[in-house]
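Each chain, written out:
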Amino acid sequence: MSSSQHVASTPFKAPDSSRLQLNEQGKLRHFLTTESLSKEILTEIMDVAESFSSVGDQAVKKVPVLRGKTIVNLFFENSTRTRTTFELAAKRLSADVLNINVATSAASKGESVLDTIRNLEAMQVDMFVVRHGDSGASHFIAQHVAPHISVINAGDGRHAHPTQAMLDMFTIRRVKKEFDGLKVAIVGDILNSRVARSQIHALNTLGVEEVRVIAPKTLLPLDTNTLGVHVYDNLLEGITDVDVVIMLRLQKERMSGALLPSEHEYFECFGLTQKKLKQAKPDVMVMHPGPINRGVEMDADVADGTHSVILQQVTNGIAVRMAVMTMAMNHQVSDQP
Amino acid sequence: MNIHIKQGYVVDPANDITSVTDVFIADGHIASIDSLPDDFRADKTIDATNKIVCPGFIDVNTSLREPGLEHKATIASESKAAVSAGFTTLCCSPNTIPVLDSTAVAQLIIDKAANANFAKILPLGALTVGLKGEALSEMYALKGTGCIAVSQAPSTNISPRTLRLAMQYASSFDLLVILKPEDAGIKGDGLVHEGVMSSRLGLTGIPVSAETVAIAQAIALAEETECRVHLTGISTSKGVAMLARAQYEGVLISADTYAYQLQLTALDVGTFDANYHVSPPLRTAESRDALRAGVASGVLQVSSGHNPHDLDSKLAPFTSTESGVSSLETTLSSMINLVKSELLDWHQMVVALAAGPAKTLGLEEGHLSVGAVADVTIFDPDATWIVNNEQWHSSGLNTPFWGETMTGQVTHTFVNGRLVFER
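Chains as they are written, first to last, in our numbering: chain A, 1 to 337; chain B, 338 to 760.
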């Protein structure tokens, strides 16, 4: 009869995401998405990455920036490349690193994400690098961690992969120097790509002239134009006069899911070859977040050719992740509410 | 017990009353409107000045969670919440554990409702065994136990052939069939409206066609089988247009939208706010406006779409949260918003919440005719309140309106002439 059965608790209300990533001074404390971050912050990430980029060339590949800090690579989804570069980045900053592959441990025993986080928090860690198959998982964790812990999104579902996008921006800046006036084409599975979403936001914020997406309609999200891109369903038209071509990885599941008929037909229509690449500017850069399916997204000639910066992207990934980790760790807030 | 409700603004669409007058209740029935009946001595007099007096609200689609999910809510907790929000009759959705596909479960719910003794609870039998969309449930027996209709909602997993046969069978016993129009194949693992937000957030979209294909199917089958059909949870402008046309052409099909759909849009999902994870998904402002117009024109009724959850069900990454809003207690305020914005009048509001559902379900409630059972709601349309623990009765705290100020609050609720709630 009475309302005494009510526990004295209230439902959780999600705060605004643009606030979530920044501390009270407007500095980066979580890195969850490139959306809504200012040009200044994105530029700062690249500047700091530049200062770290020589660390890998030294005989002793370490700086004492995050000595005594504990970083947890919390991977709810398998990944080798991203986890490795995060681990290397943390180690080069002299942090202690813990790799937890939740995909094969707690989650399969039925533990909730929140319980996993609470348990690790109790071990007094300083940062979570999170990869999760659900869009929004990093936001969720950032909303619920203790104030002195930072969260870096290492890929959440189909939503965002901001460090990948920033290493791509860093790679573009190193080659092209400026973003003004650049035309960038992103080719492939935009619908399912967290990388593409993060790239689109970053490119627009950094002020490129035009972002194009090129894909068949089954691989394009609806209302793509609201993301600030021009849509093409023809590769040759789409890459005409562009300065940068970013090829996305095509997952095999797209064929079984009736989104595409075959890899062969995909390559015919959307695969990049040296011949097709002639449509782009003569100094075009070809990028790919890896791993490449040769003969599906691009020819071996293109992947290993003079326009390709794919391996630089991997190297730059370490410096960019060092930058983001350092910035977020420096801007954590105290435990006092 | 004799009750005299004085000088309220009485809204009773069935008798075309919208005026300030008195209501007299005696022996559980409406004894008179306006004039004092002979030999009437009031045991209780309620001053309803500046309040609205109307038939109690009837909800076609409420998930009560009992049996099986008592950690989310119980029949007692939710029927108390219902009367605090002006609802006097609830149709209990069959998505219990075990599924409400047997007379035993139906009887259990009826007994628990009698013990709770707040709102009237009418079980909705499952259309198919286990809501699996395969074998037909024992509809005749369910009807005999007291099921007012049979429903496949919220499950939508049924082949067109099985649905057609189930509707034919139900119509043999003049049973209303309640469906949630959502094509399971098109919906897939969709979570939010396919559009700007699904594109931005990388959440799988639910296209408008998931609803329109199912509505088209329901209309065609209703026409062919002559089965009475009610569609619950319309969310799209195209759906409203299809239903308006079918009703105009004489198909026996009624429909409702959830009250919160009249207020919110897909943009409210913001940054993965699980309180806005609902099914069907919140759609565009254009669809929301069409739903409002559909309620005003009478094409749509309004149900709560009440889905109470425990807190943990919403405490996870968006994709892993459960859909639904605990919405009984915000339904009236959602409707009052529309009246205050002059998108509805009081008459239309009471049609949508009481008279319309009563007609669809074939109930004798839903009006204030002399001699009718006295299911009466009195509310103050101008009272403001904050959605918080002091005001809330449902065990489900999963509402996007938590902490917000709402306008309009129930002050008295009568079921069979018995005062079951007063604030």
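Worth flagging that the hints you see were computed from the coordinates, not collected in a lab. Keep in mind that a hint or two might mislead.
[Said to hold, decoys possible] Listed next, with one range per pair, are the computed distances between beta-carbon atoms:
| # | chain 1 | residue 1 | chain 2 | residue 2 | range |
| --- | --- | --- | --- | --- | --- |
| 1 | B | 623 | A | 262 | 27 to 33 angstroms |
| 2 | B | 502 | A | 234 | 44 to 50 angstroms |
| 3 | A | 315 | B | 526 | 48 to 54 angstroms |
| 4 | A | 39 | B | 759 | 34 to 40 angstroms |
| 5 | B | 630 | A | 24 | 40 to 46 angstroms |
| 6 | B | 560 | A | 111 | 37 to 43 angstroms |
| 7 | B | 387 | A | 114 | 42 to 48 angstroms |
| 8 | B | 744 | A | 330 | 43 to 49 angstroms |
[Stated by the list, open to error] Derived SDA-like pairs: lysine to any residue, alpha-carbon spacing no greater than 20 angstroms straight-line:
| # | chain 1 | residue 1 | chain 2 | residue 2 |
| --- | --- | --- | --- | --- |
| 9 | A | 252 | B | 541 |
| 10 | A | 91 | A | 79 |
| 11 | A | 176 | A | 44 |
| 12 | A | 275 | A | 295 |
| 13 | A | 217 | B | 707 |
| 14 | A | 252 | A | 292 |
| 15 | A | 252 | B | 526 |
| 16 | A | 278 | A | 296 |
| 17 | A | 39 | A | 209 |
| 18 | A | 91 | A | 68 |
| 19 | A | 217 | B | 546 |
| 20 | A | 217 | B | 541 |
| 21 | A | 217 | B | 525 |
| 22 | A | 217 | B | 527 |
| 23 | A | 69 | A | 88 |
| 24 | A | 281 | A | 234 |
| 25 | B | 575 | A | 223 |
| 26 | B | 696 | B | 483 |
| 27 | A | 217 | B | 533 |
| 28 | A | 217 | B | 696 |
| 29 | A | 61 | A | 43 |
| 30 | B | 343 | B | 707 |
| 31 | A | 217 | B | 544 |
| 32 | B | 575 | A | 222 |
| 33 | A | 183 | A | 43 |
| 34 | A | 39 | A | 22 |
Everything numeric in this text was worked out from a predicted model, so none of it was measured. The beta carbon of each residue, even a glycine, is placed where N, CA and C say it ideally should be.
Verification of the hints:
no.: 1; hint: 623/B - 262/A: 27 to 33 angstroms; in the structure: 38 angstroms, violated
no.: 2; hint: 502/B - 234/A: 44 to 50 angstroms; in the structure: 48 angstroms, holds
no.: 3; hint: 315/A - 526/B: 48 to 54 angstroms; in the structure: 37 angstroms, violated
no.: 4; hint: 39/A - 759/B: 34 to 40 angstroms; in the structure: 59 angstroms, violated
no.: 5; hint: 630/B - 24/A: 40 to 46 angstroms; in the structure: 45 angstroms, holds
no.: 6; hint: 560/B - 111/A: 37 to 43 angstroms; in the structure: 51 angstroms, violated
no.: 7; hint: 387/B - 114/A: 42 to 48 angstroms; in the structure: 47 angstroms, holds
no.: 8; hint: 744/B - 330/A: 43 to 49 angstroms; in the structure: 47 angstroms, holds
no.: 9; hint: 252/A - 541/B; in the structure: 18 angstroms, holds
no.: 10; hint: 91/A - 79/A; in the structure: 18 angstroms, holds
no.: 11; hint: 176/A - 44/A; in the structure: 17 angstroms, holds
no.: 12; hint: 275/A - 295/A; in the structure: 14 angstroms, holds
no.: 13; hint: 217/A - 707/B; in the structure: 62 angstroms, violated
no.: 14; hint: 252/A - 292/A; in the structure: 12 angstroms, holds
no.: 15; hint: 252/A - 526/B; in the structure: 19 angstroms, holds
no.: 16; hint: 278/A - 296/A; in the structure: 19 angstroms, holds
no.: 17; hint: 39/A - 209/A; in the structure: 15 angstroms, holds
no.: 18; hint: 91/A - 68/A; in the structure: 11 angstroms, holds
no.: 19; hint: 217/A - 546/B; in the structure: 17 angstroms, holds
no.: 20; hint: 217/A - 541/B; in the structure: 15 angstroms, holds
no.: 21; hint: 217/A - 525/B; in the structure: 18 angstroms, holds
no.: 22; hint: 217/A - 527/B; in the structure: 18 angstroms, holds
no.: 23; hint: 69/A - 88/A; in the structure: 15 angstroms, holds
no.: 24; hint: 281/A - 234/A; in the structure: 17 angstroms, holds
no.: 25; hint: 575/B - 223/A; in the structure: 18 angstroms, holds
no.: 26; hint: 696/B - 483/B; in the structure: 17 angstroms, holds
no.: 27; hint: 217/A - 533/B; in the structure: 16 angstroms, holds
no.: 28; hint: 217/A - 696/B; in the structure: 45 angstroms, violated
no.: 29; hint: 61/A - 43/A; in the structure: 24 angstroms, violated
no.: 30; hint: 343/B - 707/B; in the structure: 16 angstroms, holds
no.: 31; hint: 217/A - 544/B; in the structure: 14 angstroms, holds
no.: 32; hint: 575/B - 222/A; in the structure: 18 angstroms, holds
no.: 33; hint: 183/A - 43/A; in the structure: 19 angstroms, holds
no.: 34; hint: 39/A - 22/A; in the structure: 14 angstroms, holds
When held up to the earlier numbered hints, the structure conflicts with 1, 3, 4, 6, 13, 28 and 29 and fits the remainder.
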